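Single-letter residue listing:
Protein chains: 2
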Amino acid sequence: MEKLYLEDLRIGQRFASATCVMEESSIKAFAAESDPQPFHLDEAAAKASLFRGLAASGWHTASATMRLLVDGGLPFANGLVGLGGEIAWPKPTRPGDTLRVESEILEIAPSRSKPNQAIVTVKSIALNQNADPVYVFTAKLLVFKRPAPGV
Amino acid sequence: MEKLYLEDLRIGQRFASATCVMEESSIKAFAAESDPQPFHLDEAAAKASLFRGLAASGWHTASATMRLLVDGGLPFANGLVGLGGEIAWPKPTRPGDTLRVESEILEIAPSRSKPNQAIVTVKSIALNQNADPVYVFTAKLLVFKRPAPGV
Chain X
1 MEKLYLEDLR
11 IGQRFASATC
21 VMEESSIKAF
31 AAESDPQPFH
41 LDEAAAKASL
51 FRGLAASGWH
61 TASATMRLLV
71 DGGLPFANGL
81 VGLGGEIAWP
91 KPTRPGDTLR
101 VESEILEIAP
111 SRSKPNQAIV
121 TVKSIALNQN
131 ADPVYVFTAK
141 LLVFKRPAPG
151 V
Chain D
1 MEKLYLEDLR
11 IGQRFASATC
21 VMEESSIKAF
31 AAESDPQPFH
41 LDEAAAKASL
51 FRGLAASGWH
61 TASATMRLLV
71 DGGLPFANGL
81 VGLGGEIAWP
91 KPTRPGDTLR
101 VESEILEIAP
111 SRSKPNQAIV
121 TVKSIALNQN
131 ADPVYVFTAK
141 LLVFKRPAPG
151 V
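Protein sequence lines correspond, in order, to chains X and D.
Under my numbering, the very last position in the first sequence is 151; numbers go up by exactly one each time.
Under my numbering, the very last position in the second sequence is 151; numbers go up by exactly one each time.
Do not take every clue at face value.
[What the hints assert, rightly or not] If you anchor each label on the Cβ, the simulated ranges turn out as follows: (1) A48/X with L106/D: 27 to 35 Å; (2) T98/X with P90/D: 43 to 51 Å; (3) P149/X with A45/D: 17 to 25 Å; (4) K123/X with E102/D: 23 to 31 Å; (5) A48/D with S111/X: 15 to 23 Å; (6) E86/X with I108/D: 19 to 27 Å; (7) A148/X with K3/D: 57 to 65 Å; (8) A48/D with A48/X: 26 to 34 Å; (9) T19/X with I108/D: 21 to 29 Å; (10) G72/X with I108/D: 16 to 24 Å.
[What the hints assert, rightly or not] Listed next, the in silico DSS-like pairs over lysine-lysine satisfying Cα-Cα at most 27 Å (straight line): (11) K91/D with K123/X; (12) K91/D with K91/X; (13) K114/D with K47/X; (14) K91/D with K140/X; (15) K140/X with K140/D; (16) K3/D with K114/D; (17) K3/X with K91/X; (18) K47/D with K114/D; (19) K28/X with K47/D.
Hints listed in this document are in silico derivations from the structure and should not be mistaken for laboratory results.
These figures come from a predicted structure and were not determined experimentally.
Virtual Cβ for every residue (Gly too), placed ideally from N, Cα, C.
Sequences are here, hints too, so could you generate the full structure?
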């Protein structure tokens, strides 16, 4: 896959990731490590909760989305370096869900002090197999120009 | 620890978490699973990158912060259910860093349609051992009132 530098990006440009399956075992393993709340760990407790069934930690969905972006969903030559952004989880991720990520460049703000870099705003939406958005991340990413020849 | 319901919360209320150490092995393990970029996995590559040394994935810092919040850093009786929010990573998390989280309630917005719940805005700042903020999460959390007796 062609890796992109700042010069290759434009507002409105879109990207699509591969897919990944959110296995029940990995949902429980992630939760046990990072978000050990009953509705992420135990079917009966989850059923009685506002989730009405087992749901992945939002941070698991965020991390799985990052993996899809790193694995070609957002092919930036210098990698994906986020300064921050806005996140939302409009729906839970469920065991067995297949996620994919659609991304779009919303803004490109060249640095005033560093002419070889810019802050690029990218909106990434993780969708399940029913095309329901389960996670939206509008990120500010640090993106670099192509290095000069010989550098 | 006393678990808090909506009636127990007020704007300006503050909370402090326990601490956790971000071990190099767990930084690499998290990155291998969720964010396999060279600057999170390999010292030499990290040294040559803009991080100038191994740095944890921002999602690892976010997940470790969540664990500190779940483990008593934000003792809400119905758990921590986030709708979304704003995130920022002002500095990298480094191997061996000890993190703790300070949280403050910024806003309480009662639901119009559901009298027993509100959206509570909580700003959580993860600080390293030098008191440098490494991660800021301003979250919208769903919080519930104490159940009526007998319910």
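To see whether the hints hold, each was checked on the structure:
1. A48/X with L106/D: 27 to 35 Å: 30 Å, holds
2. T98/X with P90/D: 43 to 51 Å: With Cβ atoms ~35 Å apart, the hint is violated.
3. P149/X with A45/D: 17 to 25 Å: 22 Å, holds
4. K123/X with E102/D: 23 to 31 Å: 30 Å, holds
5. A48/D with S111/X: 15 to 23 Å: Cβ of A48/D to Cβ of S111/X: about 21 Å, so the range 15 to 23 Å holds.
6. E86/X with I108/D: 19 to 27 Å: 21 Å, holds
7. A148/X with K3/D: 57 to 65 Å: 59 Å, holds
8. A48/D with A48/X: 26 to 34 Å: 51 Å, violated
9. T19/X with I108/D: 21 to 29 Å: 39 Å, violated
10. G72/X with I108/D: 16 to 24 Å: With a Cβ separation near 42 Å, G72/X and I108/D fall outside 16 to 24 Å, so the hint is violated.
11. K91/D with K123/X: 22 Å, holds
12. K91/D with K91/X: 30 Å, violated
13. K114/D with K47/X: Distance of about 20 Å is within 27 Å: holds.
14. K91/D with K140/X: 14 Å, holds
15. K140/X with K140/D: 20 Å, holds
16. K3/D with K114/D: 21 Å, holds
17. K3/X with K91/X: Violated, because 32 Å separates the two Cα atoms, which is more than 27 Å.
18. K47/D with K114/D: Cα-Cα ~52 Å, so violated.
19. K28/X with K47/D: Measuring from Cα to Cα gives roughly 34 Å; hence the hint is violated.
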